[in-house]
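These protein sequence lines are chains D and W, in that order.
The numbers in the first sequence follow the numbering used here, run straight up by one, and end at 75.
The numbers in the second sequence follow the numbering used here, run straight up by one, and end at 222.
By construction, these hints were calculated from the structure, which means they are not laboratory data.
Errors might be hidden in some of the hints.
Stated by the list, open to error - Below, a list of computed lysine-lysine pairs in the DSS-like style, where the Cα atoms sit at most 27 Å apart:
#1 D:37 x D:65
#2 W:80 x W:105
#3 D:65 x W:80
#4 D:62 x W:213
#5 W:105 x W:213
#6 D:33 x D:62
#7 W:80 x D:37
#8 D:62 x D:37
#9 D:33 x D:65
Values in this document were obtained by computation on a predicted structure and should not be read as measured data.
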Amino acid sequence: MAIYKVSFVIVGSNDPGAILNMSRAPVVGERVKLGGKTYQVVEVLNLIPPRGEFHYIHVTCKSVKAGESSDLPSN
Amino acid sequence: MDELKEILRSVEIFDGLEAAEIEQVGLICKERRLHSGEIITSQGEAGNEFYIVTQGFVEVALGEGGVPSRVVINLGAGQIIGEMALLDQGPRSATVRAIDEPTIVQVLQRDDFERLCQGNYHIGYVVMRNIAADLSFKLRHRNLSER
Numbered sequence: 001m002a003i004y005k006v007s008f009v010i011v012g013s014n015d016p017g018a019i020l021n022m023s024r025a026p027v028v029g030e031r032v033k034l035g036g037k038t039y040q041v042v043e044v045l046n047l048i049p050p051r052g053e054f055h056y057i058h059v060t061c062k063s064v065k066a067g068e069s070s071d072l073p074s075n
Numbered sequence: 076m077d078e079l080k081e082i083l084r085s086v087e088i089f090d091g092l093e094a095a096e097i098e099q100v101g102l103i104c105k106e107r108r109l110h111s112g113e114i115i116t117s118q119g120e121a122g123n124e125f126y127i128v129t130q131g132f133v134e135v136a137l138g139e140g141g142v143p144s145r146v147v148i149n150l151g152a153g154q155i156i157g158e159m160a161l162l163d164q165g166p167r168s169a170t171v172r173a174i175d176e177p178t179i180v181q182v183l184q185r186d187d188f189e190r191l192c193q194g195n196y197h198i199g200y201v202v203m204r205n206i207a208a209d210l211s212f213k214l215r216h217r218n219l220s221e222r
């Protein structure tokens, strides 16, 4: 069972970003919901080599304007 | 207990523990359900417990005079809170509050945890190594957020 520990950084805003575990890695273009806000993924990188079942991912996102949000499940 | 063991298996600080060791950790965990806005730790106060977020989100904020003014990160499922006070026994370094409804955490008392580690050095070694790796990951996140 792979677990993806993901560091989210939000560009172009003062949003501090987030860290959380996910069951799969995000992909570029996907929208993710973090703490009630929706963002679009613009970059995905392997941050450090995997260890055991854990994969370490860094994701850069941009904010999605009001009205653009879709009904994506939060993680 | 089976559900809790599954949750703990997905938390990085317990990666590398045997099933029986995970069960021992589960025995000292207590679930706490929080409403959005509820404070978990307050910057500057003494702390003798640490937390694992199992559902929802928390925000970590820094400030002065006990008043949080700047959110530095949000933490979601699988992340730990309060580990600095666990390691150095200093005051809380930040104010942490729930921002999702509901937010659920597992609470571990420092004394219970230290007793467990002293009784089983393998648990102590694995968890401390993983806490160090978690702190390193948070530093990498912070460095990248300042690019």
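Results for each hint:
Our distance criterion of 27 Å between C-alpha atoms is met by residue 37 of chain D and residue 65 of chain D, whose separation comes to about 10 Å. A C-alpha spacing of about 13 Å is found between residue 80 of chain W and residue 105 of chain W, which places the hinted pair at or below 27 Å, so the restraint holds. Pair hint residue 65 of chain D plus residue 80 of chain W does not hold up; C-alpha atoms about 39 Å apart against a cutoff of 27 Å. A C-alpha spacing of about 20 Å is found between residue 62 of chain D and residue 213 of chain W, which places the hinted pair at or below 27 Å, so the restraint holds.
A distance of roughly 25 Å separates the Cα atoms of residue 105 of chain W and residue 213 of chain W; the hinted pair therefore holds under the 27 Å criterion. In summary, the hint linking residue 33 of chain D to residue 62 of chain D is supported, as the alpha carbons are separated by about 12 Å, within the 27 Å threshold. The hinted pair formed by residue 80 of chain W and residue 37 of chain D fails the criterion: a straight-line CA distance of about 30 Å is larger than 27 Å. Distance hint between residue 62 of chain D and residue 37 of chain D is fulfilled; the C-alpha atoms sit about 11 Å from each other, no more than 27 Å.
Of the pairs offered as hints, the one joining residue 33 of chain D and residue 65 of chain D holds, with about 13 Å between alpha carbons and a cut-off of 27 Å not exceeded.
Hint compliance for this structure: hints 3 and 7 are not met, and every other hint is.
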